[in-house]
Amino acid sequence: ELRELLPAAVASGELKVEVERGLLDEKTSDNPETVTATVDTKSLKAQDAEAALAALGIEFPELFLAGTEKNSPAAKAGLAVGDRLISIDGKPVTSFEQVSGTIRAYGDRQPKDAAKDAAPAPLNVVISRDGVEKTVALAPNAKNRMNQQGQEERRFEIGISPLVVDALPATVTLDFKNPLSAIGRGVDQTVKWTSLTVLSFVRLFQGEVSPKNVGGFFSIGAMAKKSWQIGAPQFLHVMAIISINLFVLNLLPVPVLDGGQLVFFTIEAVKGAPLSMRKMEIAQQVGLVLLLGLMVFALFNDATRMFFN
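Adding 1 to a residue's 1-based position in the sequence shown gives its number in the numbering used here.
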């Protein structure tokens with residue numbers, strides 16, 4: 002999940018990507034070539050995950066058009082099979098879900114001072130065809146569709162379908178004879194993700210990582226759901242990363258957290274006496290306000306992603 006890994010990669014300044022070539026070729030699928038590349042992410046500082054993901058230059062299959070509906074806004078604008086979506090309404094796109102969300106929200110674009118029956122301004126869509134970028138203006142059509150609850154609702158559509166890659170090879174299972182080898186790898190991964198998490202917090206306070214990457218309960222739930230759909234190992238891996246993030250968060254020098262208690266113990270050791278009850282109460286109250294503020298900010302980011310992304 003590049004979206005989840007990218008904030009840490011931006012913080013560290015590089016992203017190591019390991020890919021296998023030849024999986025879709027019958028001649029080489031049994032013996033694919035493994036290639037490791039290091040991507041410099043220093044130029045992606047202070048960008049949100051979607052913008053940074055687009056800046057990496059990775060072309061996602063779902064952003065290529067597999068077809069257009071006859072007489073649809075996309076067909077009338079000249080979009081064709083093989084066109085690659087680059088941006089919509091000035092925002093780089095990295096998933097077809099992002100495109101669909103922008104189209105669904107088309108009705109909300111109408112200015113407050115516009116006439117009641119006035120149509121919203123068209124969407125500016127940038128595509129790439131044969132290496133040449135082209136901008137087209139699309140005004141989605143409103144159609145009545147049945148939702149999952151069996152109720153009719155108004156939806157906006159432009160009549161495009163994404164390319165779906167389903168020709169992936171069968172799952173390959175690797176057998177490890179010595180289960181103790183997992184201990185060493187587990188320690189390595191824990192050290193790696195702990196250092197990346199600490200670095201992410203530092204870069205966040207320095208303004209080099211966008212605050213938009215801060216997520217709350219809903220972001221954790223979404224990550225857990227996506228990872229579970231991939232498989233149990235990926236789910237456990239994501240849960241371990243989240244646990245490490247919470248571990249580092251708990252060590253921040255905020256009075257209501259364990260890190261704050263360590264600060265109190267340090268002060269007591271240096272002074273030879275504990276802080277007064279009054280000072281500790283004030284510190285606890287300040288820490289509680291800071292923690293609640295962080296939680297509200299994280300929930301605000303979650304709501305923004307859910308309703309406006």
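The set of hints was computed from the structure by calculation and includes no laboratory data.
All values derive from a computational prediction rather than experimental measurement.
Fair warning: there could be bad hints in the mix.
Unchecked claim - Dumping the calculated BS3-like pairs for lysine-lysine here, alpha-carbon to alpha-carbon at most 27 Å:
#1 Lys-178 with Lys-71
#2 Lys-144 with Lys-17
#3 Lys-71 with Lys-17
#4 Lys-77 with Lys-178
#5 Lys-227 with Lys-213
#6 Lys-193 with Lys-92
#7 Lys-144 with Lys-92
#8 Lys-193 with Lys-227
#9 Lys-92 with Lys-77
#10 Lys-77 with Lys-135
#11 Lys-92 with Lys-17
#12 Lys-193 with Lys-213
#13 Lys-135 with Lys-17
#14 Lys-226 with Lys-213
#15 Lys-213 with Lys-17
#16 Lys-272 with Lys-17
#17 Lys-178 with Lys-193
#18 Lys-144 with Lys-193
#19 Lys-92 with Lys-227
#20 Lys-92 with Lys-135
Going down the list of hints, with the structure as the test:
1. Annotation: proposed proximity of Lys-178 to Lys-71 is violated, straight-line Cα distance about 57 Å (limit 27 Å).
2. Only pairs whose Cα atoms come within 27 Å are accepted, and Lys-144 paired with Lys-17 is rejected, the gap being roughly 44 Å.
3. Distance check on the hinted pair: Lys-71 and Lys-17 sit about 43 Å apart at the alpha-carbon level, beyond 27 Å; violated.
4. Proposed proximity of Lys-77 and Lys-178 is contradicted: the alpha carbons are some 59 Å apart, above 27 Å.
5. Between Lys-227 and Lys-213, the direct Cα distance comes to roughly 20 Å. Compliance with the 27 Å bound is thereby established for this hinted pair.
6. Taking the CA atoms of Lys-193 and Lys-92, the gap is near 33 Å; set against the 27 Å cutoff, the hint is violated.
7. Taking the CA atoms of Lys-144 and Lys-92, the gap is near 25 Å; set against the 27 Å cutoff, the hint holds.
8. A distance of roughly 23 Å separates the Cα atoms of Lys-193 and Lys-227; the hinted pair therefore holds under the 27 Å criterion.
9. The suggested pairing of Lys-92 with Lys-77 holds, with an alpha-carbon distance near 23 Å, which does not exceed 27 Å.
10. In summary, the hint linking Lys-77 to Lys-135 is supported, as the alpha carbons are separated by about 15 Å, within the 27 Å threshold.
11. Straight-line distance between C-alpha atoms of Lys-92 and Lys-17 comes to about 26 Å, which keeps the hinted pair within the 27 Å bound.
12. A hinted pair counts as satisfied when its Cα atoms are at most 27 Å apart, and Lys-193 with Lys-213 qualifies at roughly 23 Å.
13. This hinted pair does not check out: Lys-135 and Lys-17 have alpha carbons roughly 32 Å apart, beyond 27 Å.
14. At roughly 20 Å between alpha-carbon atoms, Lys-226 and Lys-213 fall within 27 Å of each other, so this suggested pair holds.
15. Simply put, Lys-213 and Lys-17 have alpha-carbon atoms about 23 Å apart, close enough for the 27 Å limit, and the pair holds.
16. A threshold of 27 Å between alpha carbons decides the hint, and for Lys-272 with Lys-17 the separation of about 47 Å lies outside it, so the pair is violated.
17. At most 27 Å may separate the alpha-carbon atoms for a hinted pair to count; Lys-178 and Lys-193 meet this at roughly 25 Å.
18. Among the hinted pairs, Lys-144 with Lys-193 is inconsistent with the structure: their alpha-carbon atoms are about 50 Å apart, more than 27 Å.
19. Our distance criterion of 27 Å between C-alpha atoms is met by Lys-92 and Lys-227, whose separation comes to about 24 Å.
20. The straight-line distance between the Cα atoms of Lys-92 and Lys-135 is roughly 15 Å, inside the 27 Å bound, and the hint therefore holds.
Hint compliance for this structure: hints 1, 2, 3, 4, 6, 13, 16 and 18 are broken, all remaining hints hold.
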